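Chains as they are written, first to last, in the numbering used here: chain R, 225 to 447; chain E, 18 to 311.
A couple of the hints might just be wrong.
[Claimed, not checked] Straight line, CA to CA, 20 Å or less: simulated SDA-like cross-link-like pairs of lysine to any residue:
hint	chain 1	residue 1	chain 2	residue 2
1	R	Lys316	E	Val212
2	R	Lys382	E	Pro228
3	R	Lys316	R	Pro362
4	R	Lys316	E	Ala111
These aren't lab readings, by the way, just hints derived from the structure by calculation. The structure presented is a predicted model; accordingly, all values stated were derived computationally and were not measured.
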Amino acid sequence: MIELHRVSKIYSVGPVKVPALSDVSFRIDKGEFVVLAGPSGAGKTTLLRLLYRADLPSDGEVEVFGSDVASLRRAQVAALRRSIGVVFQDAKLLPVRTVYENVAFVLRVLGTPRRDITARVFDALRVVGLSSRAQAYPAQLSQGEAQRAALARAIVRKPPLLLADEPTGSLDDAMAAEVFEVLRDIWTGGTTVVLATHQRRVAVALRRRTLALEAGRVVKDEG
Amino acid sequence: MFGFLMGEALRDLRRAGRVAVSAILLVTLSLAALGGFWLVSANLDRAVGRWRDRVRIIVYLKREPAEADLPQLLERVHAVPGVASAVYVSRADALRALKQVLGKDAAVVDSLPTNPLPSSVEVTPAATAATPNAAHQLVERLEALSEVEEVAGGVDWVERLSQWQRLLTTIGLGVGAVLALAAILTVTTATTLVVHARRRETEIMRLVGAPELTIRLPLLLQGMLQGLAGAVLALAALSAMYSVVAPRIEPLVSLTLGLPRLAFLTPLNLLALTLAGALLGALGGWLARGGREA
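Looking at chain E on its own, in the form it has when it is part of the complex:
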């Protein structure tokens, strides 16, 4: 029976002709847009996750503590809620780090009369303090310590990146939804043509007492096939775009976002997009209700 229904659906698809092709292309567009935004958003999400792990807060000290006082200072910093770890960086260590950063221009540092850099404690916030509010509270607590001159750093920029990621997801969903609506309407139009073209089959089916499901299922299936075809094309387009674009922009992405590689959509994402295509098509097919005859 399924073979018959599928055969009828394929026959209907051929009948719908160009309108079916338009519907397939619209499904392709909507899913490609959705998938494209999803891809970018997923990679931004990865970058946000990585950067959250790397966030450091620098606690600059008023004066370099005596070696004997150091363990006690670190202990007090460590005791501040929201601190995962604390590492002391002496003025000499800071200068060495600066030289390393300057590289071949490190000689500039040697011409300084004295070491201008303050000693500091490098704090890694706990996971619970990796949000803007919690990070602000942590900074305030650290500033309250008597030895502290100034506290720098935070998670604000990571949060801004995260906001961008959320914005992209929202835009992606919006664009995808508008295109999906257009795709549903086009599948509905294509199916309405099919309903008209197969009115004689439908009349005979009703006349011989075919169950309503048998009459409606080919319409639903042909809509679903349009959606599936659109989804497969969208995935192929996304895959092709990824393989062309990703190698070209990966160096830039690595430099700016710290991601060594751009990840493609996961198998679960791909499955979700395919199912979304089938669902769009099925919905369009279902909405095109032919006039029910007696």
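Excised from the complex, chain R in its bound form:
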């Protein structure tokens, strides 16, 4: 499903070259739950951005669903992203829309028939345990609820791949546990999950395959 061959990414800040990833290679198969672990600045976010083609590798090849993402045209990038759900540390909910509207927004943008939207939104909200908060606005949610709403938005299209970039970074342990539980449910539902976290104990607690990143290199692949 995902294959990286000797991938490097260097950001240019004026004349300064900042290496974010160096010679990274690994493979993730369909149905896996993989944790990208490492401290801040290790290259986790950069790696995820390469997977949904928000960035291009400076060197090497990134294959997702069998396609070299660097060679995709604009319309193909859009098609790729329709198969990937993404969540971030910041839930990125639209503040003037309810939870229901935030989740439905994605379906409406993609032209889902109106008659299908309600059922699919409530399916997604049920998976993340937010059915009762459908009419709440983001400002009325706890951080954990907001993150679960973001997860509902990411999975409402039932993408085969979910990328989660520090989704629990700003949550306390109890809220983080709720989010991990939801991620586990999504994974057991058949979705491949790639979770980036700087919390080493999270990776250990999840007992899933862990790719440890340090200074842009994969230093360990275990589990």
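Fit chain E to the known structure of chain R by using the hints.
Coordinates of chain E only, in the frame set by chain R:
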């Protein structure tokens, strides 16, 4: 899908707030100016058309022809290229016409010792001779006839009216174009604010793989809505102005231009102005390109 895009466009319009209102008012101003000049120009054009039909050239004769020579004279005048018809006006007919014009002062004519008016032939130029150059040539040809003393009349003043009409059209287009440019720039500014306000929506749309058209269309539609709103307001303003002003100036227009009624813009004109408004708005919306993200 269209319902969603339109909903987003309306939401964006509300976000643009006062700038959108300014943009709408500028579109209104530009289209009202354009429509106003168009209205005046169209009525002048009608007057020019009517007067062109009524142009007469008077061919004054050296002496009153004998009755027996009259058919032959008229035949010769009629044979001049550019003459549509020719009617003989005797000295007595001319005097009667003068009395009619003088009305209650007609008695003045009776005090004249002799009839001072010459006999004449009233020529209606053919449509091909209704331009200044052709009319001049026609006058020269008529002057060349041996019986002719003098030729009066022509289409010069009608042509001057026509030039005024063309000038008004040009001024209207100029003023309209300048205001339209200002309107486009204001719609662009309003849309740029919208682009900024909806950056999070745009980010999510790109993230979930929305087609570029779906991302751009609400911006285009909200610009178009500003243009349409401006056009509707401009048409309402023009209509209100027409209904207030037209009845007041129609007597003057009838007297000076010979038009019994001032005509409003045709449905086709109105449609063109509405489409122009939508186009101005759409152009402004399209020009406000948000930064394209990866």
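Taking the earlier hints as the rules, which of them does this structure contradict?
Per hint list: single violation, 4.
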